[in-house]
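A.B. asks: One-letter residues, chain by chain:
Protein chains: 4
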Amino acid sequence: MLEELKKRVYEANMLLPKYGLVTFTWGNVSEIDRKAGLFAIKPSGVDYDLLTPEDIVIMDLDGNKVEGNYNPSSDTPTHLELYKAFRNIGGIVHTHSPWATSWAQAGRGIPCYGTTHADYMYGEIPCARCLTKEEIEHDYEKNTGHLIADLFKNLNYEAMPAVLCKNHGPFTWGRDARKAVHNAVVLEEVAKMAARCEQINSKVQPAPQELLDKHYYRKHGEDAYYGQKESRR
Amino acid sequence: MLEELKKRVYEANMLLPKYGLVTFTWGNVSEIDRKAGLFAIKPSGVDYDLLTPEDIVIMDLDGNKVEGNYNPSSDTPTHLELYKAFRNIGGIVHTHSPWATSWAQAGRGIPCYGTTHADYMYGEIPCARCLTKEEIEHDYEKNTGHLIADLFKNLNYEAMPAVLCKNHGPFTWGRDARKAVHNAVVLEEVAKMAARCEQINSKVQPAPQELLDKHYYRKHGEDAYYGQKESRR
Amino acid sequence: MLEELKKRVYEANMLLPKYGLVTFTWGNVSEIDRKAGLFAIKPSGVDYDLLTPEDIVIMDLDGNKVEGNYNPSSDTPTHLELYKAFRNIGGIVHTHSPWATSWAQAGRGIPCYGTTHADYMYGEIPCARCLTKEEIEHDYEKNTGHLIADLFKNLNYEAMPAVLCKNHGPFTWGRDARKAVHNAVVLEEVAKMAARCEQINSKVQPAPQELLDKHYYRKHGEDAYYGQKESRR
Amino acid sequence: MLEELKKRVYEANMLLPKYGLVTFTWGNVSEIDRKAGLFAIKPSGVDYDLLTPEDIVIMDLDGNKVEGNYNPSSDTPTHLELYKAFRNIGGIVHTHSPWATSWAQAGRGIPCYGTTHADYMYGEIPCARCLTKEEIEHDYEKNTGHLIADLFKNLNYEAMPAVLCKNHGPFTWGRDARKAVHNAVVLEEVAKMAARCEQINSKVQPAPQELLDKHYYRKHGEDAYYGQKESRR
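Just so you know, the protein sequences line up as chains D, F, Z and C, in that order. According to full-length UniProt numbering, the stretch in the first sequence is residues 1 to 233, in order. According to full-length UniProt numbering, the stretch in the second sequence is residues 1 to 233, in order. According to full-length UniProt numbering, the stretch in the third sequence is residues 1 to 233, in order. According to full-length UniProt numbering, the stretch in the fourth sequence is residues 1 to 233, in order.
One chain only, chain D, in its complex shape:
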């Protein structure tokens, strides 16, 4: 079973270079097996060209390494906190994808300017504040997870599967690792178009609420009619 999980996480990680979301080792994907209480994650600093399924590291929910020859991603404590806070998610992605990271560096959430965004993410993609000096110096990665979880106390993490961390970059999630990568691709595309949109019209306003509702619910929930029935979430 762990072999299957490692293979899935390996394959989801390999989608990051395929979709142009990573330079060098700047990204990581994990997936959790909720029943076993274990999650699999990319090893830290290993080149995508050299990565194999066997290199994937297995962690428990106390942050102990259960299996693997390598150190896990340095962002592992962030993944762990998110799995604890968001009980219905199965996969998490962190990248430094250039457009999403540019928004994160700018310290701005991404307004919803159109249906491409609304099809996947319900409303403005939030940007979490920078951590304080104390939060940075002690348990930095864990505090990153806490900060995101705090921010989502007033947000529905299932309807908004993405966050920007100020001065850092994005995290996305989904029901499994592959779906979380899918959302990372969407985020990058949406971030690109929102930036260009503001350059084309510096007074642009977010799309009206009724359009957001229409597109989000066209793809999600009981009345969804996009795609084929069996493939809908």
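A couple of the hints might just be wrong.
Any copy will do: because identical chains look the same in the list, a pair fits if it lies in one copy or spans two.
[To be verified] Pairs of lysine to any residue, SDA-like flavour, derived with a Cα cap of 25 Å:
1. K219 <-> L51
2. K214 <-> G37
3. K179 <-> L50
4. K153 <-> I136
5. K142 <-> T132
6. K203 <-> M1
Treat the hints as calculated values from the structure; they're not laboratory data.
The hints should help you fit chains F, Z and C onto chain D, whose structure is shown.
C.D. replies: Frame of chain D; chains F, Z and C shown alone:
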């Protein structure tokens, strides 16, 4: 005959990833057989990597599925309205191509700044208003088609084979599916250059009317002299 | 001998898609044989995917087709005028490459902001005015050539192998077709960096004259020391 | 031993086109053998498509060619000065990579807006002033090296392995040629995201000092915990 139509529509759909116009399943192409009163369209939400000619769906002009194992594209009612309104077109494309979509999100038509644009599209590419709450909530996709048709009451759809839908994205058309894809590629290139052009010179004015006339009629109509005679429209 | 010329022009044309300078058929390359008084040019509107050396058209300097099954590029009269005006050039390229075309549409010359530009082009790349209504309506392509030749009465066409035509796009030239394509690639790169440079610093000034001199003469003329001796111009 | 050095320098040079950092011959990589007092560098103006390990030129630290059929890169005197000034580096890269060059042309250092930057470069990437007329006209390339060395009298070249030269382009370095190329890739990515970040938020401020410290020391020095122990610097 339907097999031939499905093959043509399949091939035209596969040009979208080839030209970088789609991410995931964010686009669809259709072509109509006017004599048979049927059109063929991409199935909804099926990956381009997995698409085959057999997956293409055949619809009649009342919106009934005539053949196919899948649901047709969720944008099918928009295609249908456009085929009814624009009697001389044979193919339609919808994408979320990034530059055209950025203009659509910005809610601006694309001014004609040069001959690349004028060679294919006669004047400013229009941007249709956002639908009203009522239009969104009931028959959204059909109303999108109506809105475009209304907008073109004062425009020549053969001389302007493209439109932007505010907060959404572009539609293009042509005498067949392949030509409609061709226009989608042109639109994306023109949208990119117009945005950059405005950044280079914030006071830029549209190209003079006589240049638009020259370039458009160099390629279209009786006095056209671009290309080889047999390949001209 | 014509076969050799056609082959060279074919190969130079095929460099345009290789370097990402053309979409569809939006570009053409020619080369002249000064002794024979003939030049070879791409046929009009023929896809690069389908182009063969046999398709290249041979023209004389009176504008008559000497050999070839196709019509020559519709821009042929412009090439012809440039070959007459610029006696030392051997090849000409026209494209709608996106960054250079964005500057042309903006109606601005490209200031020399650095050594990448200065290595190849001595000073600001000029932008020719838009043609008048009369010039557009009669002998448009020939008048484009005249306008460029006029503009260069006060410029050294060997030190400045590129021009932008307002609302249209760029022409470049060189001692042969391949070198002209080389300059088209340089122009596109320089146009891209100049636009971005102005966004990063809206008050940027052109590079100082002494740096332009240094870099231009490092590569050109008697005291050149860049590259290997035999490959210098 | 020289064969091994030439092979390493050849391979590092070939990474430049792989990572999209060079057009034509606009870049060069060198590596030094400190014990032998020799360094290997790309020949001047030789196409990457044609480059072989045998073409790499060996130079001594007095600027004499020790081995090689070609002239060394015209930037060789700059490399030489940097090897003299920065005693712990083993490799140097010069490119005209578009984003970094756009900042250099703009004459601005690149502020540290986030952790992607902070992971590799400690603080703002400096931009050296343009050389004076006298410095340009005599020993230009050597003076470029002096200028950089001067600028780093107040900077730690190991913590800041990159510099921009105004109106010109970037140099990067590292413990060997491959690491220097790695830093050139990072610089280009960071330059791109900083430019976009400023467009998204024109009032953006650099990341707080404690975040820079955290990320830099997460990857460098005794307390580093990113990656696998054996692969850390």
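A.B. asks: Please go over all the hints and tell whether each is borne out by the structure.
C.D. replies: Now the hints, each set against the structure:
no., hint, in the structure
1, K219 <-> L51, "between (34 Å within a copy, 20 Å between copies)"
2, K214 <-> G37, "neither (37 Å within a copy, 30 Å between copies)"
3, K179 <-> L50, "both (24 Å within a copy, 17 Å between copies)"
4, K153 <-> I136, "within (22 Å within a copy, 30 Å between copies)"
5, K142 <-> T132, "within (13 Å within a copy, 45 Å between copies)"
6, K203 <-> M1, "neither (53 Å within a copy, 51 Å between copies)"
Violated hints, listed in ascending order, are 2 and 6; each of the other numbered hints is respected by the structure.
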